[in-house]
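Asker: Residue numbers (our numbering), protein chains in the order written: chain A, 1 to 133; chain B, 134 to 266; chain C, 267 to 546; chain D, 547 to 826.
Derived from the structure by calculation, the hints contain no laboratory data.
Incorrect hints may appear among the rest.
[As the list claims (entries may be wrong)] Here are the simulated DSBU-like pairs of lysine-lysine, each with C-alpha atoms no more than 35 Å apart in a straight line:
hint, chain 1, residue 1, chain 2, residue 2
1, A, Lys20, C, Lys314
2, D, Lys690, B, Lys138
3, D, Lys593, B, Lys137
4, C, Lys355, B, Lys258
5, B, Lys259, C, Lys314
6, C, Lys355, B, Lys200
7, C, Lys355, B, Lys187
8, D, Lys635, B, Lys153
9, A, Lys5, C, Lys314
10, C, Lys297, A, Lys20
11, C, Lys437, D, Lys717
12, D, Lys800, A, Lys116
13, C, Lys297, B, Lys245
14, D, Lys635, B, Lys195
15, C, Lys297, A, Lys54
16, D, Lys711, B, Lys138
17, A, Lys5, D, Lys711
18, D, Lys711, B, Lys137
19, B, Lys153, D, Lys577
20, D, Lys594, A, Lys126
21, D, Lys800, C, Lys431
22, B, Lys153, D, Lys594
23, D, Lys635, C, Lys431
24, A, Lys30, C, Lys410
25, C, Lys520, D, Lys711
26, D, Lys635, A, Lys30
27, D, Lys800, B, Lys163
28, C, Lys297, A, Lys4
29, D, Lys635, B, Lys163
30, C, Lys355, A, Lys30
31, D, Lys594, B, Lys138
32, B, Lys153, A, Lys54
33, A, Lys67, D, Lys690
34, C, Lys355, A, Lys5
35, B, Lys258, C, Lys437
36, B, Lys153, D, Lys690
37, C, Lys448, B, Lys258
38, D, Lys577, D, Lys690
39, A, Lys125, D, Lys635
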Amino acid sequence: MVWKKHDYEDIPGSYVFDGKIAHSAYAMNKLFYSFNDESCREEFNADPAAYCDKFGLTDEQKALVVKQDFLGVLRSGANIYYMAKFAIPRGVSVQDAGAAFQGITGDEFREKLLEKREGLEERLKKEGGYWNG
Amino acid sequence: MVWKKHDYEDIPGSYVFDGKIAHSAYAMNKLFYSFNDESCREEFNADPAAYCDKFGLTDEQKALVVKQDFLGVLRSGANIYYMAKFAIPRGVSVQDAGAAFQGITGDEFREKLLEKREGLEERLKKEGGYWNG
Amino acid sequence: MAEIIGGITTSHIPAVGNAISDGLTQEHYWKRFFDGYQPVHQWLEEKKPDLIIVVYNDHGLNFFLDKVPTFAIGCADAYQNADEGWGLKPTAPFDGDAEFSWHVAESLINQEFDMCTCQEMLVDHGFVNPMRVLFGDHEVWPIKAIPLAVNTVQHPLPSARRCYKLGQALKVAIDSYPEDMKVVIAGTGGMSHQLQGERAGMINVDYDLECIESIINDPDWFADQSTDHIMEQAGTEGIETIMWMVMRGALGEKVNCLHKHYHAPISNTGAGVLLLEGGA
Amino acid sequence: MAEIIGGITTSHIPAVGNAISDGLTQEHYWKRFFDGYQPVHQWLEEKKPDLIIVVYNDHGLNFFLDKVPTFAIGCADAYQNADEGWGLKPTAPFDGDAEFSWHVAESLINQEFDMCTCQEMLVDHGFVNPMRVLFGDHEVWPIKAIPLAVNTVQHPLPSARRCYKLGQALKVAIDSYPEDMKVVIAGTGGMSHQLQGERAGMINVDYDLECIESIINDPDWFADQSTDHIMEQAGTEGIETIMWMVMRGALGEKVNCLHKHYHAPISNTGAGVLLLEGGA
Ligand SMILES: [Fe+3]
Ligand SMILES: [Fe+3]
Numbered sequence: 001m002v003w004k005k006h007d008y009e010d011i012p013g014s015y016v017f018d019g020k021i022a023h024s025a026y027a028m029n030k031l032f033y034s035f036n037d038e039s040c041r042e043e044f045n046a047d048p049a050a051y052c053d054k055f056g057l058t059d060e061q062k063a064l065v066v067k068q069d070f071l072g073v074l075r076s077g078a079n080i081y082y083m084a085k086f087a088i089p090r091g092v093s094v095q096d097a098g099a100a101f102q103g104i105t106g107d108e109f110r111e112k113l114l115e116k117r118e119g120l121e122e123r124l125k126k127e128g129g130y131w132n133g
Numbered sequence: 134m135v136w137k138k139h140d141y142e143d144i145p146g147s148y149v150f151d152g153k154i155a156h157s158a159y160a161m162n163k164l165f166y167s168f169n170d171e172s173c174r175e176e177f178n179a180d181p182a183a184y185c186d187k188f189g190l191t192d193e194q195k196a197l198v199v200k201q202d203f204l205g206v207l208r209s210g211a212n213i214y215y216m217a218k219f220a221i222p223r224g225v226s227v228q229d230a231g232a233a234f235q236g237i238t239g240d241e242f243r244e245k246l247l248e249k250r251e252g253l254e255e256r257l258k259k260e261g262g263y264w265n266g
Numbered sequence: 267m268a269e270i271i272g273g274i275t276t277s278h279i280p281a282v283g284n285a286i287s288d289g290l291t292q293e294h295y296w297k298r299f300f301d302g303y304q305p306v307h308q309w310l311e312e313k314k315p316d317l318i319i320v321v322y323n324d325h326g327l328n329f330f331l332d333k334v335p336t337f338a339i340g341c342a343d344a345y346q347n348a349d350e351g352w353g354l355k356p357t358a359p360f361d362g363d364a365e366f367s368w369h370v371a372e373s374l375i376n377q378e379f380d381m382c383t384c385q386e387m388l389v390d391h392g393f394v395n396p397m398r399v400l401f402g403d404h405e406v407w408p409i410k411a412i413p414l415a416v417n418t419v420q421h422p423l424p425s426a427r428r429c430y431k432l433g434q435a436l437k438v439a440i441d442s443y444p445e446d447m448k449v450v451i452a453g454t455g456g457m458s459h460q461l462q463g464e465r466a467g468m469i470n471v472d473y474d475l476e477c478i479e480s481i482i483n484d485p486d487w488f489a490d491q492s493t494d495h496i497m498e499q500a501g502t503e504g505i506e507t508i509m510w511m512v513m514r515g516a517l518g519e520k521v522n523c524l525h526k527h528y529h530a531p532i533s534n535t536g537a538g539v540l541l542l543e544g545g546a
Numbered sequence: 547m548a549e550i551i552g553g554i555t556t557s558h559i560p561a562v563g564n565a566i567s568d569g570l571t572q573e574h575y576w577k578r579f580f581d582g583y584q585p586v587h588q589w590l591e592e593k594k595p596d597l598i599i600v601v602y603n604d605h606g607l608n609f610f611l612d613k614v615p616t617f618a619i620g621c622a623d624a625y626q627n628a629d630e631g632w633g634l635k636p637t638a639p640f641d642g643d644a645e646f647s648w649h650v651a652e653s654l655i656n657q658e659f660d661m662c663t664c665q666e667m668l669v670d671h672g673f674v675n676p677m678r679v680l681f682g683d684h685e686v687w688p689i690k691a692i693p694l695a696v697n698t699v700q701h702p703l704p705s706a707r708r709c710y711k712l713g714q715a716l717k718v719a720i721d722s723y724p725e726d727m728k729v730v731i732a733g734t735g736g737m738s739h740q741l742q743g744e745r746a747g748m749i750n751v752d753y754d755l756e757c758i759e760s761i762i763n764d765p766d767w768f769a770d771q772s773t774d775h776i777m778e779q780a781g782t783e784g785i786e787t788i789m790w791m792v793m794r795g796a797l798g799e800k801v802n803c804l805h806k807h808y809h810a811p812i813s814n815t816g817a818g819v820l821l822l823e824g825g826a
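One chain only, chain A, in its complex shape:
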């Protein structure tokens, strides 16, 4: 049985959360989803390994979750929005996780984003019709 290949797999540096990925990481994403509930967060914090077993994570996924390897967790099929429920309360923002993919710091990542603002107002003036304060 082979999963169908999709054109979007060729978009560079991008992981599309499709059936194949979701299927492989269902239990792990279910664990993260449970973190909407405070009592589940507390249960996890009290014994992360046992909580992973309760959700039936693979040994590999369990190891990643226990050591809080957020990048590893994402590469292993976590959906970014579910992963955020794990990472953000631990001081790791979605931007930090994005930066980790490129091997740069969160501050460097934010610097690069800020470059998008340079020349933007002039650009929009030229386009015409945009609000400019």
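Starting from the known structure of chain A, fit chains B, C and D with the ligands onto it as the hints suggest.
Answerer: For chains B, C and D with the ligands alone, kept in the frame of chain A given last:
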């Protein structure tokens, strides 16, 4: 604010489980739905009135549920499939509930249904192409 | 390539499962109903399909009123039956086929069917009883199965026409699956019955037989009916029979009818068993 | 009769809500972004709509992967915000309008949109932040609101074209509501951004501006794009912008653009604010 009138409201002796009915009885149906879970059935049995309050039933619905008035519960907006989770374990079948709508017994109800079998094989022979053993 | 080798219609009512569990299938009340499945059993034996898609409606096990999808498809490798609140013993779990499901879901969504995808799904009597009556009881079921749930409980429902179109799209989806696989579609539920209201207990044999003829020879007749008209003729719960249109749509324009069986009453319902193959 | 008096686009990212909560809206980083909502605030003040339909995607609060509907509509009289796991304080609940919702749901299903109806629904930041940025914070919100959730998380997603058609059907649904009611549609999310993978942090200003022009003047250009193409241009999470097409479809063929605002970056995204009225 008036709910839209639907043509199906004119089908005699029939109650179509639409948005209007479901909206009016959401809490009660949610209570019945919880009976999929054994621990919920036990919690209800231990204190029916308290369980109704937990789900936010109206006083009227609560009274019907507490006195196990299955017909009243149906008339008050219970969905037949949800109500069944309440009635069947208490020895009241869906057929008994149907019979109650007509003021007859479950056995009388079943007798009337059995009349449908009379002449059926002959009828199907005439139609042609039907399996007949 | 995957191929739809046939379509089946069957009742899915709880009483059918109870009769099997209680060993009543050869009692007078049940015998004629159950015996009418024998040609279907023989056909299944002979054709050995790999996978069955069971088109059914959930009656309040997997879906509550907080989330009622019009169409939902299982996308898991296994499906559990579970306690519906009546004290029945759940069956053994069913093997699914997640890759196949996702292929179908993707094709349906690309064809503008707004599916709800379910990577975990409890299957209720509407799914389980067709499996039991078609395959017998098993600890390991002899066929993969995929639940396709249609909302027939919380109005507004999809029209018969929409169900027919879903079936046609399902055929496109399955025909484009690259692996060899013999697929059967079961349209379950019905036929005429009404469980509630002063009209409870109605069975409309004439209408049921008209529907059976339409399913075989003139599906547009069924598809053109409004939900209101079907409920008037078949009862408010008899509306379930719209799910047969999903099966019918998946078989193509013409079919050969290999077996046609009708019985009434079983519990509150008229019961129709059809075995159809795509024809020319 | 109900009437759609306008459409709005807006970001829905968590950082927008945080900036409001932390009182940062006049800081340099945020000022240009937030000031760009002033004309929208004035218009809302002046027009006083009765109800807003917020088209958004759930990010894992109300829906988990066990049940992912392509399109879901709230059919309740109130909607709660709740803990998303990040320690944010939930907002006050939102008043809905169940009668109106059921009217819309019925019309959409009759128009062959396979909606999931939700009689209880937790609304996440994708719904809440548009409400906060458009109306400010309230203990009692000054407008009724209905959540309309589009799956943009679990592929396969509905196409941009399907979203556009949903918007067109939404217009038919709303125009046929018998009571007087002024309705606004908000298309939320986007614009270009990618949160994961080595391409995380991409923003495509050129593409965002093309999309904005298309939304105003040539919606078919946007609707004709494949999901793959949009992800390639706008990022895997930028695909959210397809939800703007629902709003656009609901406005009719031509629109008057009353306000057009773009800013980048806010957090990881390009952010577009549009205020549109149906035109001739
Ligand atoms: Fe049923
Ligand atoms: Fe978002």
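Asker: Hint by hint, note whether the structure agrees.
Answerer: So, going through the hints one by one against the coordinates:
1. Lys20(A) with Lys314(C): holds (28 Å)
2. Lys690(D) with Lys138(B): The hint holds at about 23 Å.
3. Lys593(D) with Lys137(B): holds (27 Å)
4. Lys355(C) with Lys258(B): The hint is violated at about 39 Å.
5. Lys259(B) with Lys314(C): holds (34 Å)
6. Lys355(C) with Lys200(B): Roughly 28 Å between the alpha carbons, so the hint for Lys355(C) and Lys200(B) holds.
7. Lys355(C) with Lys187(B): holds (29 Å)
8. Lys635(D) with Lys153(B): Distance ~33 Å between Lys635(D) and Lys153(B) Cα, so the pair holds.
9. Lys5(A) with Lys314(C): This hinted pair holds, its Cα atoms lying about 29 Å apart.
10. Lys297(C) with Lys20(A): Given that 35 Å is the threshold and the Cα spacing comes to 46 Å, the pair is violated.
11. Lys437(C) with Lys717(D): Since the Cα atoms of Lys437(C) and Lys717(D) sit roughly 32 Å apart, the hinted pair holds (cutoff 35 Å).
12. Lys800(D) with Lys116(A): holds (32 Å)
13. Lys297(C) with Lys245(B): Status holds; Cα separation ~20 Å.
14. Lys635(D) with Lys195(B): holds (34 Å)
15. Lys297(C) with Lys54(A): violated (46 Å)
16. Lys711(D) with Lys138(B): Between Lys711(D) and Lys138(B) the Cα gap is close to 27 Å, so the pair holds against 35 Å.
17. Lys5(A) with Lys711(D): Roughly 28 Å separates the two Cα atoms, so the pair holds.
18. Lys711(D) with Lys137(B): Given pair Lys711(D), Lys137(B) holds - Cα atoms ~25 Å apart, limit 35 Å.
19. Lys153(B) with Lys577(D): Outside the cut-off at roughly 46 Å; violated.
20. Lys594(D) with Lys126(A): Distance ~34 Å between Lys594(D) and Lys126(A) Cα, so the pair holds.
21. Lys800(D) with Lys431(C): holds (32 Å)
22. Lys153(B) with Lys594(D): With a Cα-Cα distance of about 28 Å, the restraint between Lys153(B) and Lys594(D) holds, given a limit of 35 Å.
23. Lys635(D) with Lys431(C): Measuring from Cα to Cα gives roughly 45 Å; hence the hint is violated.
24. Lys30(A) with Lys410(C): OK: Lys30(A) and Lys410(C) at ~25 Å, within 35 Å.
25. Lys520(C) with Lys711(D): holds (32 Å)
26. Lys635(D) with Lys30(A): holds (23 Å)
27. Lys800(D) with Lys163(B): violated (45 Å)
28. Lys297(C) with Lys4(A): Judged against 35 Å, a Cα distance of about 46 Å means the pair is violated.
29. Lys635(D) with Lys163(B): OK: Lys635(D) and Lys163(B) at ~27 Å, within 35 Å.
30. Lys355(C) with Lys30(A): Distance of about 27 Å is within 35 Å: holds.
31. Lys594(D) with Lys138(B): holds (29 Å)
32. Lys153(B) with Lys54(A): Roughly 41 Å between the alpha carbons, so the hint for Lys153(B) and Lys54(A) is violated.
33. Lys67(A) with Lys690(D): violated (45 Å)
34. Lys355(C) with Lys5(A): violated (41 Å)
35. Lys258(B) with Lys437(C): holds (34 Å)
36. Lys153(B) with Lys690(D): With a Cα-Cα distance of about 19 Å, the restraint between Lys153(B) and Lys690(D) holds, given a limit of 35 Å.
37. Lys448(C) with Lys258(B): holds (34 Å)
38. Lys577(D) with Lys690(D): holds (28 Å)
39. Lys125(A) with Lys635(D): The given pair, whose Cα atoms are some 39 Å apart, is violated under the 35 Å limit.
In summary, the numbered hints that this structure violates are 4, 10, 15, 19, 23, 27, 28, 32, 33, 34 and 39.
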